[in-house]
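Visitor: Given the sequences, and given the hints that come with them, work out the whole structure.
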Amino acid sequence: MDIKIKVKDLRVFFNKQEALKGITINVARNMITGFMGPAGSGKSTLISTINRMIDFEDNIKIEGKVYIDDVDILDGDINTVSLRRQVGTVFAVPIPLQRSIFENIAYGPRLKGINDKAELHRIVADSLKKAFLWDEVKDRLDISANKLSGGQQQRLCLARTLALKPEIILLDEPCSGLDPISTAKIEEALNELKKEYTIILVSNNTKQIARITDYSAFFYMGELIEYGTTEKIFTNPTQKKTEDYISGKFG
Amino acid sequence: MNERASIKEGVVKTVLTTFALSSLLFLFLIFIFILIEGSPLFLKVGLKNIILGSKWAPTKGSFGIFPMIISSFLVTFGALIIGAPLGLSCAIYLSEYSGKRLKMILKPALELLAGIPSVVYGFLGVIYIVPLVRDHLGGSGFSLISTSIILAIMILPTIISISFDSIMSVPKTYREGSYAMGATKWQTIYKIVVPSARSGILASFILGMGRAIGETMAVIMIAGNALKIPMSITDPLRTLTGNIALELAYATGDHRLGLFSTGIVLLVIIMALNYIANFGIKRRS
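One line per chain: the protein sequences are D and S, in this order. If you're matching positions, the first sequence starts at 1 in the numbering used here and goes up one per residue. If you're matching positions, the second sequence starts at 1 in the numbering used here and goes up one per residue.
To be clear, the hints were calculated from the coordinates, so they are not data collected in a lab. Careful, some of the hints might be misleading.
[Claimed, not checked] Quick look at which bits of chain D chain S covers, simulated, 3 or more residues with Cβ under 8 Å:
no. : region
1   : 10 to 19
2   : 33 to 47
3   : 121 to 128
[Said to hold, decoys possible] Cut-off 20 Å, straight-line C-alpha distance, at most; resulting in silico cross-link-like pairs (SDA-like, lysine to any residue):
no. : chain 1 : residue 1 : chain 2 : residue 2
4   : S       : Lys191    : D       : Leu111
5   : S       : Lys172    : D       : Lys16
6   : S       : Lys185    : D       : Phe56
7   : S       : Lys185    : D       : Asp55
8   : D       : Lys129    : D       : Glu196
9   : D       : Lys16     : S       : Tyr275
10  : D       : Lys112    : S       : Tyr190
11  : D       : Lys112    : S       : Lys103
12  : S       : Lys191    : D       : Arg110
13  : S       : Lys185    : D       : Ile73
14  : S       : Lys103    : D       : Asp58
[Said to hold, decoys possible] Here are a few chain S residues that face chain D, going by a calculated C-beta distance under 8 Å:
no. : residue
15  : Ala180
16  : Gln187
17  : Ile189
18  : Gly200
19  : Ala277
Even for Gly, the Cβ is constructed at its ideal location relative to N, Cα and C.
Guide: Right, here's the structure in full:
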């Protein structure tokens with residue numbers, strides 16, 4: 001396995017309560033890795049540690065190591081701004097900026113200092129195509145992003161993440177509020193994107209994890225219960241808890 | 001029992017409605033009262049001679065308040081130029097940068113600042129600001145700049161607390177979205193947070209402006225109260241409010257009516273400002 005992200009004995013405490021209880025996991029490059037588990041299992045905490053969005057929470061304590069390409073990203077000297085350009089994030093609820101479609105996607109590149117019109121247009125078009133949204137919006141890039149449907153907004157959020165040219169894309173339950181058709185479009189996009197990016201998909205939807213991921217991890221109460229190829233996890237899990245979860249006995 | 005409960009409900013509703021409408025009644029009465037008292041002079045001397053007249057000698061039949069109108073605008077504008085950036089910066093600092101403990105000290109301190117009587121601010125101005133201006137900028141010190149500085153301090157609590165509330169009400173998800181796209185804290189603040197809180201911030205400026213234009217006591221103490229249009233920031237001036245407060249105690253006859261006319265003009269200006277401001281906020285948001 002070609003490793004992109006290496007997590008070693010990661011412990012996270014919120015107000016002294018242990019949210020992650022010593023997680024060790026390696027995430028493969030150019031694959032889709034699924035993180036699943038019921039609410040409170042720690043899967044979202046893990047990804048917010050990988051993009052350091054956890055810094056914005058109060059009263060946290062982090063122990064252990066997270067490496068991306070052998071760089072320790074929990075090191076205090078790491079530049080979190082450039083880290084978040086390297087690790088793009090798509091949230092559960094799509095929150096476009098209160099601006100046009102074009103400006104939503106150009107926001108990230110502009111922050112990096114790209115101001116050339118032609119270059120921005122190229123990035124916007126390219127990102128929208130990769131997110132499978134281009135055909136639906138190409139004639140109305142200047143309308144407010146709020147006018148798009150929920151599914152389109154989520155693909156817009158994916159496109160604006162792609163515009164940052166990240167290496168890793170984290171998706172935190174990106175389809176939880178979407179209809180099946182929008183979900184299918186996101187999944188189609190992810191399948192194409194994994195050729196260029198390392199993708200982590202957090203989802204409550206075990207069927208979705210089974211459909212599109214290459215590796216799956218099952219979390220429960222802050223612990224990593226089982227991790228392996230998706231095929232193995234879904235056909236022959238070694239842990240009783242995993243089996244119960246994927247067969248829908250709890251969760 | 002049920003019937004009694006519903007009667008009680010009805011009574012409570014009627015009483016509350018009456019109280020609620022009484023504020024409208026007061027506004028109406030104030031307006032009518034000032035209009036009745038002041039309008040005879042408008043008819044006698046002429047609207048143009050009052051509003052555009054440059055000479056105020058009420059005992060000799062001149063009722064021009066143009067210099068005071070200009071002065072009122074100038075001190076208010078000056079107070080906003082100083083107070084708005086200061087207040088907005090403070091609100092941004094409080095909401096985005098300061099720690100919880102500092103916030104807990106600063107917020108009540110600001111509320112206390114709002115509760116200090118205006119005569120105390122005037123006192124402060126006479127003792128510190130006026131000599132400071134006299135020594136460094138020249139003139140008597142009783143001036144446009146001194147008044148604007150004191151008014152700026154007086155409107156700070158209004159600007160800060162309303163801006164702060166509107167900045168705090170920007171959803172956390174907006175900020176997260178921006179950070180996730182590789183924005184720094186400052187980029188997030190000026191590209192996302194402040195534009196999202198725009199209407200509340202504007203409202204805070206407008207309320208501050210209302211307070212500045214209506215302020216009387218502190219202004220009388222520092223403005224110098226000269227009856228001319230100030231030509232530089234170190235010139236003294238007299239505002240509409242100051243004019244009324246200074247002269248009402250001894251004014252009789254037409255002089256007294258002249259002060260009521262000043263009141264009408266002040267009221268109209270304040271209502272117009274409020275209207276324009278509300279219109280602006282609604283259109284932008």
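Visitor: None of the hints should be skipped; say for each whether it holds.
Guide: For each hint, the structure was consulted:
1. 10 to 19: Not satisfied, violated; 0 residues make the cut.
2. 33 to 47: violated (count 0)
3. 121 to 128: violated (count 0)
4. S:Lys191 / D:Leu111: holds, 10 Å
5. S:Lys172 / D:Lys16: Between S:Lys172 and D:Lys16 the Cα gap is close to 23 Å, so the pair fails against 20 Å, i.e. violated.
6. S:Lys185 / D:Phe56: Given pair S:Lys185, D:Phe56 holds - Cα atoms ~11 Å apart, limit 20 Å.
7. S:Lys185 / D:Asp55: holds, 12 Å
8. D:Lys129 / D:Glu196: holds, 14 Å
9. D:Lys16 / S:Tyr275: violated, 53 Å
10. D:Lys112 / S:Tyr190: holds, 15 Å
11. D:Lys112 / S:Lys103: Not satisfied, since the Cα-Cα distance of roughly 32 Å exceeds 20 Å.
12. S:Lys191 / D:Arg110: Holds, at roughly 11 Å.
13. S:Lys185 / D:Ile73: Holds, at roughly 19 Å.
14. S:Lys103 / D:Asp58: holds, 15 Å
15. Ala180: Hint holds; S:Ala180 Cβ to chain D Cβ min 4 Å, cut 8 Å.
16. Gln187: Since the shortest Cβ distance to chain D is 6 Å, the answer is holds.
17. Ile189: violated, 13 Å
18. Gly200: Where the cut-off is 8 Å and the nearest Cβ of chain D is about 14 Å from S:Gly200, the hint is violated.
19. Ala277: violated, 22 Å
Violated hints for the displayed structure, listed by number in ascending order: 1, 2, 3, 5, 9, 11, 17, 18 and 19.
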